[in-house]
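Participant: Sequence:
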Amino acid sequence: MAKTESTYSGKDIQVLEGLEAVRKRPGMYIGSTGPRGLHHLVWEVVDNSVDEALGGFCNKIDVTINEDGSCTVEDNGRGIPVDKHPKLKIPTLEVVLTVLHAGGKFGGDGYKVSGGLHGVGVSVVNALSTDVKVQVRRDGQIYEMNFRDGKTVGKMEVIGKSKTTGTTVTFWPDAEIFETVDFDYETLKTHLRQTAFLNKGIKITLKDLRKVEESGEVKQDCFQFNNGLLDYAKWLNEGKTVVGAATPIYFEARGEAGEVDVALQWNESYSENTLSFANNINTVDGGTHLEGFRNALTRTINDYARRQGILKGKDENLTGEDIREGLTAIVSVRLHEPQFEGQTKTKLGNTEIRGLVQTAVTKGLAEYLEEHPNPAKAITKKAAQAAKARAAARKAREATRRKGVLDGASMPGKLADCSIKDPALTELSIVEGDSAGGSAKQARERSYQAILPLRGKILNVERAGLSRSLSSETITSLITAIGTGIGDEYAGDKAGTDGGDEAGDGLG
Numbered sequence: 479m480a481k482t483e484s485t486y487s488g489k490d491i492q493v494l495e496g497l498e499a500v501r502k503r504p505g506m507y508i509g510s511t512g513p514r515g516l517h518h519l520v521w522e523v524v525d526n527s528v529d530e531a532l533g534g535f536c537n538k539i540d541v542t543i544n545e546d547g548s549c550t551v552e553d554n555g556r557g558i559p560v561d562k563h564p565k566l567k568i569p570t571l572e573v574v575l576t577v578l579h580a581g582g583k584f585g586g587d588g589y590k591v592s593g594g595l596h597g598v599g600v601s602v603v604n605a606l607s608t609d610v611k612v613q614v615r616r617d618g619q620i621y622e623m624n625f626r627d628g629k630t631v632g633k634m635e636v637i638g639k640s641k642t643t644g645t646t647v648t649f650w651p652d653a654e655i656f657e658t659v660d661f662d663y664e665t666l667k668t669h670l671r672q673t674a675f676l677n678k679g680i681k682i683t684l685k686d687l688r689k690v691e692e693s694g695e696v697k698q699d700c701f702q703f704n705n706g707l708l709d710y711a712k713w714l715n716e717g718k719t720v721v722g723a724a725t726p727i728y729f730e731a732r733g734e735a736g737e738v739d740v741a742l743q744w745n746e747s748y749s750e751n752t753l754s755f756a757n758n759i760n761t762v763d764g765g766t767h768l769e770g771f772r773n774a775l776t777r778t779i780n781d782y783a784r785r786q787g788i789l790k791g792k793d794e795n796l797t798g799e800d801i802r803e804g805l806t807a808i809v810s811v812r813l814h815e816p817q818f819e820g821q822t823k824t825k826l827g828n829t830e831i832r833g834l835v836q837t838a839v840t841k842g843l844a845e846y847l848e849e850h851p852n853p854a855k856a857i858t859k860k861a862a863q864a865a866k867a868r869a870a871a872r873k874a875r876e877a878t879r880r881k882g883v884l885d886g887a888s889m890p891g892k893l894a895d896c897s898i899k900d901p902a903l904t905e906l907s908i909v910e911g912d913s914a915g916g917s918a919k920q921a922r923e924r925s926y927q928a929i930l931p932l933r934g935k936i937l938n939v940e941r942a943g944l945s946r947s948l949s950s951e952t953i954t955s956l957i958t959a960i961g962t963g964i965g966d967e968y969a970g971d972k973a974g975t976d977g978g979d980e981a982g983d984g985l986g
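Residues in the sequence shown are numbered consecutively from 479, following this note's numbering.
These are computed hints drawn from the structure, not numbers from a lab.
Treat each hint with caution, since some may be false.
Claimed, not checked - In silico BS3-like cross-links for lysine-lysine, where the CA-CA straight-line distance does not exceed 30 angstroms:
| no. | residue 1 | residue 2 |
| --- | --- | --- |
| 1 | Lys-639 | Lys-629 |
| 2 | Lys-633 | Lys-565 |
| 3 | Lys-841 | Lys-855 |
Please put together the full structure from these sequences, using the hints given.
Facilitator: Have a look at this one:
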């Protein structure tokens, strides 16, 4: 191969200045350029307002989708500083909007705790918008500054006087960057309601000027929850039968590592719904705070169950899954220096918060159980029943296993089996009642067609728990006849398929 002269030199190294890096690689800062990333812009501006609320400087946030497709976020906080930045010698407002990692979250004095993308939020919004207009009400004046494609358009100006304080940010997302610039009202509504739950007392209003109701009113929602996580747990359990007290369990703790608030309540369902947050960020992948919560929950419930004799000496401890069956819980922590895995903050990594959460949950839950014996016993007995159901389900699974597919020795008694052993060449027909079974048996091809008569209406397994489903002779007969196993032991290839039968009968 002929050699080519290398021209690789300093001029080939591209340096992205200011917010150019954000426009070049937006996914690194907001996760994606799809609808999720678009709405992330709103979250970042709202997070700045919430930071003011966490500091006790703000109690009202208004979010408006404007007719022209832009979005406005207004708060009644202190207002972004407008004085000259001591280092950069330009208005601090300009610094906050145009310099990454600039904000009151880094010095340690501006905010005790904060959310947002480590202080890059509002500058990233500026970088990914065609236009941004910011108005600050501070020191009796109204200041305004405009930006285009992340850069300033003219100087900061005083446009009037004001007796109030706060910040108003209006931005137009860049259609060349995002797949869509159409804000979804329901997405905004869901997130803002959650934010209001997590910050008790704060009033958040959402308006959509693009749509007018038949009454002529603007479409809007207002959220304010004075009981915070207590209201959140109640809302999540609406329409469900509660186990224990009607009022959720709630406790909080403060320490050097930060603050923790927990609300929990059980219901009669079989699924767990535990939400975890760090500085108002929904940590969907959990983290150290969730680990601390679950460890303490399991240990505390087991200790109580043994003290009350619900668990005897030789009984196995309840597992975390047993205890969390039907649990609705919210774990919210606030830290001074949160450490997240990934720029979009899906998992919390601070090890010191684990201990604070464990201590808070152990103490708070133990006290609740002792002081509320009736709800405590109901909660513990539900977990014990879940453990028994788990054991019964395991035995039932073992009972329904077959050593070999279509092994006649372990087949249900009413099954008219076929003679071919290869499941890829066989069929199973399920009929209702013995009469239909007799007719089907006479009409079938015995070499590859098997008939299984089932009596009565079959159980709706989607609504029933696993143990109840497996206690049904009809269900276990069906599982045994199909022969693929269930749950973690499911193996579709045993029925001649690669993970399931498109025809729906479980056999090829």
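Participant: Taking only the CA atoms, is the gap from Lys-841 to Lys-855 under or equal to 30 angstroms?
Facilitator: At roughly 18 angstroms apart (the allowed maximum being 30 angstroms), Lys-855 and Lys-841 satisfy the hint.
Participant: Given the hint that Lys-639 pairs with Lys-629, test it: the Cα-Cα distance must not exceed 30 angstroms.
Facilitator: Holds: Lys-639 and Lys-629 sit about 26 angstroms apart, inside 30 angstroms.
Participant: Do the alpha carbons of Lys-633 and Lys-565 lie within 30 angstroms of each other, as the hint requires?
Facilitator: holds, 18 angstroms
Against the hints set out earlier in the document, no violation occurs for any number.
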